[in-house]
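Letter by letter, the chains look like this.
Number of protein chains: 2
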Amino acid sequence: MDLNITGEKAKAAARIAATLTTGKKNELLNAMAEALKAERDKILAANVIDVEKAVKAGTKASLVDRLSLNKDRIDAMAEGLLQIAKLPDPIGEVINMNTLPNGLIVGEKRVPMGVVAIIYEARPNVTADAFGLCLKSGNAVILKGGSDAINSNIAIVGTFKKAVAEAGVNPDIVQLIEDTSRETAAALMKLNKYIDVLIPRGGAGLIQSVVQNSTVPVIETGVGNCHVYIDDSADIQMGIDIIINAKTQRPGVCNAAETLLVSEKAAKSFLPAAVKALREKNVEIRGCEKTAEICPDMGIIPASEDDYYTEFLDYILAVKVVGGVDEAIEHIARYSTGHSEAIVTESYTNAMKFLNEVDSAAVYVNASTRFTDGNEFGFGAEIGISTQKLHARGPMGLKALTTTKFIIYGNGQIRG
Amino acid sequence: MDLNITGEKAKAAARIAATLTTGKKNELLNAMAEALKAERDKILAANVIDVEKAVKAGTKASLVDRLSLNKDRIDAMAEGLLQIAKLPDPIGEVINMNTLPNGLIVGEKRVPMGVVAIIYEARPNVTADAFGLCLKSGNAVILKGGSDAINSNIAIVGTFKKAVAEAGVNPDIVQLIEDTSRETAAALMKLNKYIDVLIPRGGAGLIQSVVQNSTVPVIETGVGNCHVYIDDSADIQMGIDIIINAKTQRPGVCNAAETLLVSEKAAKSFLPAAVKALREKNVEIRGCEKTAEICPDMGIIPASEDDYYTEFLDYILAVKVVGGVDEAIEHIARYSTGHSEAIVTESYTNAMKFLNEVDSAAVYVNASTRFTDGNEFGFGAEIGISTQKLHARGPMGLKALTTTKFIIYGNGQIRG
Chain A
55 MDLNITGEKA
65 KAAARIAATL
75 TTGKKNELLN
85 AMAEALKAER
95 DKILAANVID
105 VEKAVKAGTK
115 ASLVDRLSLN
125 KDRIDAMAEG
135 LLQIAKLPDP
145 IGEVINMNTL
155 PNGLIVGEKR
165 VPMGVVAIIY
175 EARPNVTADA
185 FGLCLKSGNA
195 VILKGGSDAI
205 NSNIAIVGTF
215 KKAVAEAGVN
225 PDIVQLIEDT
235 SRETAAALMK
245 LNKYIDVLIP
255 RGGAGLIQSV
265 VQNSTVPVIE
275 TGVGNCHVYI
285 DDSADIQMGI
295 DIIINAKTQR
305 PGVCNAAETL
315 LVSEKAAKSF
325 LPAAVKALRE
335 KNVEIRGCEK
345 TAEICPDMGI
355 IPASEDDYYT
365 EFLDYILAVK
375 VVGGVDEAIE
385 HIARYSTGHS
395 EAIVTESYTN
405 AMKFLNEVDS
415 AAVYVNASTR
425 FTDGNEFGFG
435 AEIGISTQKL
445 HARGPMGLKA
455 LTTTKFIIYG
465 NGQIRG
Chain B
55 MDLNITGEKA
65 KAAARIAATL
75 TTGKKNELLN
85 AMAEALKAER
95 DKILAANVID
105 VEKAVKAGTK
115 ASLVDRLSLN
125 KDRIDAMAEG
135 LLQIAKLPDP
145 IGEVINMNTL
155 PNGLIVGEKR
165 VPMGVVAIIY
175 EARPNVTADA
185 FGLCLKSGNA
195 VILKGGSDAI
205 NSNIAIVGTF
215 KKAVAEAGVN
225 PDIVQLIEDT
235 SRETAAALMK
245 LNKYIDVLIP
255 RGGAGLIQSV
265 VQNSTVPVIE
275 TGVGNCHVYI
285 DDSADIQMGI
295 DIIINAKTQR
305 PGVCNAAETL
315 LVSEKAAKSF
325 LPAAVKALRE
335 KNVEIRGCEK
345 TAEICPDMGI
355 IPASEDDYYT
365 EFLDYILAVK
375 VVGGVDEAIE
385 HIARYSTGHS
395 EAIVTESYTN
405 AMKFLNEVDS
415 AAVYVNASTR
425 FTDGNEFGFG
435 AEIGISTQKL
445 HARGPMGLKA
455 LTTTKFIIYG
465 NGQIRG
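These protein sequences, in sequence, are chains A and B. The first sequence begins at 55 in our numbering and counts up by one. The second sequence begins at 55 in our numbering and counts up by one.
Please keep in mind that the hints were generated in silico from the structure rather than gathered at the bench. Certain hints may be false.
In this list, chains with the same sequence are indistinguishable; a pair is considered to hold if it fits within one copy or across any two.
[As the list claims (entries may be wrong)] Here are the simulated lysine to aspartate or glutamate pairs, EDC-like style, with alpha carbons at most 20 Å apart:
| hint | residue 1 | residue 2 |
| --- | --- | --- |
| 1 | 453 | 436 |
| 2 | 453 | 162 |
| 3 | 163 | 430 |
| 4 | 247 | 360 |
| 5 | 407 | 162 |
| 6 | 96 | 106 |
| 7 | 247 | 411 |
Isolated chain A, as found in the complex (with noise of 0.2 Å):
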């Protein structure tokens, strides 16, 4: 597969993409949730094609689940793409206009990236939300799923084609890369004559390739090892309800949390029960001495130095006391992933300095790490929660795909 005619289409589409109307791109993405509702039948039985070879593979109960389309998964990726449609459209701000003394008016334009491509794993659903989100802001999107998943996201892409040109819009503005190999993917990630930027959503090892091999620039997602602090003065019962949230309400997520750390003051206090409550959840805990001295008997098991620096993504928590806030300050420093951290305390002083001196995406004073969505911070969407601090951190929403241009209105000047 040729993926210079690959790019060269995308790049050429870019162009349409990017001065498609608000109006246009709505009614493109209610035709979408249209068809993706008439051809559901035959979306349904290309995905029974992929659960089944997964199933034959041996593939794991979790996994053949994130892979499984019904009925209802289809009609909420066509309630997405309606819900998308109804998101204000970033393209076409201008800000900072400003008149120069030599009576240039230079102002910053809000525009599409231009050609986006997204590297991810078996969720047949992301092909459909990743679109939407890269037509809304303007984008020519190139998909590159998992293999598990192809047969389901070819019918889909195929759905959207054909709804695409039957509007009257060039197709182009999505593709999806059939072949599955590592080569194409190695390929891909060198592709910088055509692609503007490269977003991976997958697990650590996805990611890790992707900004290990890739020269185009990438928007690192998702690896969360997030931090509970319980400080000297926190609330005991407040902390037991956040760390009981933040690390059972949905384990295999980046923003459940795989560490918390115990003031030594409030270590007595808190830990027995916290641990108690946590053990009632079947939470495994890995914990250092001083937790395995304060909570004997228990089944504390003993933490090793890399637990400390796991997303375990699994009922499993490691455990730490520490002197203070400031040593909890600092063990984030070390062995966070920079996605979500929080302190719960009633110190004024506490809750500042740990707002201010934790360099994470997300830090949090007094609630649960998993509110790091971007649907909880009122975005709308999301394409993934960046953990690099270059062009966006945390919670991605349309804005996160777009750039800026500066536009000048002259009269003749010259630079003198």
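On the provided structure of chain A, position chain B as indicated by the hints.
Here is chain B on its own, set in the frame of chain A:
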């Protein structure tokens, strides 16, 4: 040299730099400016070694000039630092702070990037400029200058470190990599664990090497294949003034024009006068066949396909007659590096079309491309001109060296 030690020190120093008040940062900038003047003789003595080495090696005169310092140039570096002290501090601003339905108060706070690395070539003034901008924006910086300027850079950074330490701040906020080998540069580009962003400043070769080899997020800067397009209805004299300015006012910089496009309707009235004026400024013209036909006996050299891709940075201009504004936009989409482009026109419709459809960092109507510059745009200082779309585009001021983090004030919220 162990870059991990450099990285570790920078990361620790970044946490200090991030919490410096605006007052303290300005105190440091003023102290650094004083120190440059106080240590002027020492810096000049170090510079003489670099310059003599360059002359012996047969380095061309323009490069030796870039490398050379004198009293005025050191004073200009000091003045630059005083100017940076006067700029508003971008750090700490909180935007979009809102209360969610569940009572969480969420805002985006502007914070430093952390550790900025800058790889640059011969000019030692970049050393002062880059550190000054990184300090004002609360970052630690790792500098890697070229081997040509190593003695000058060691003297300048040594002066700064002393001034910073005397003011009671960790001097690791600025570190110079004294080993100028390619291997060390390559290792720096892979130091993701410690570096948040890498900015190359220099020629196209350096920039491409960084883009191709860096796994650290990069801001691509400064390559400019800029176009001036003379539309059907252009004011002829304005067109001549603008192309003369854009090509010849300073041909060696990235915002100088490299290609002149002329609508065929304007060609006969515009080209002979424009080519005459350009030839009088000793500009070599590489024209298409139509250009040669319209301007016989004026020394037009036939343009090759490559000429339209080339950033000459010299008294050379590619010229092409095009069918009109659409063909001009097509040409720019194909050949431009996305830096700066200008249309000269009296047509409102064509002006708006050009502004909307040309996808470059700066798009001008009736003005010279030479204005794409942080100082000209009123930013007060510039770390470079981004030609990528991610994070920053066009002239980058202090804000380009910052990121944001979400800060969230709760009172016990957990996710349902």
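Cross-check of the supplied hints:
1. In this assembly of identical chains, residue 453 and residue 436 lie within 20 Å of each other by CA distance solely inside one copy; the values are 10 Å within and 25 Å between copies.
2. Proximity of residue 453 to residue 162 under the C-alpha cut-off of 20 Å is found in both arrangements, the shortest distances being 14 Å within a copy and 14 Å between copies.
3. Taking the shortest Cα distances, residue 163 and residue 430 sit within 20 Å of each other only across copies (18 Å), while inside one copy they are farther apart (28 Å).
4. In this assembly of identical chains, the alpha carbons of residue 247 and residue 360 lie at most 20 Å apart only when taken from different copies (16 Å versus 40 Å within one copy).
5. For the homomeric pair residue 407 and residue 162, the shortest alpha-carbon distance between copies (17 Å) is at most 20 Å, but the shortest distance inside one copy (35 Å) is not.
6. With identical chains, the CA atoms of residue 96 and residue 106 are at most 20 Å apart within one copy only, with a shortest distance of 16 Å there and 75 Å across copies.
7. In this homomeric assembly, residue 247 and residue 411 come within 20 Å of each other (Cα to Cα) only across copies, at 19 Å, whereas the closest approach inside a single copy is 39 Å.
The structure meets every hint from the earlier list without exception.
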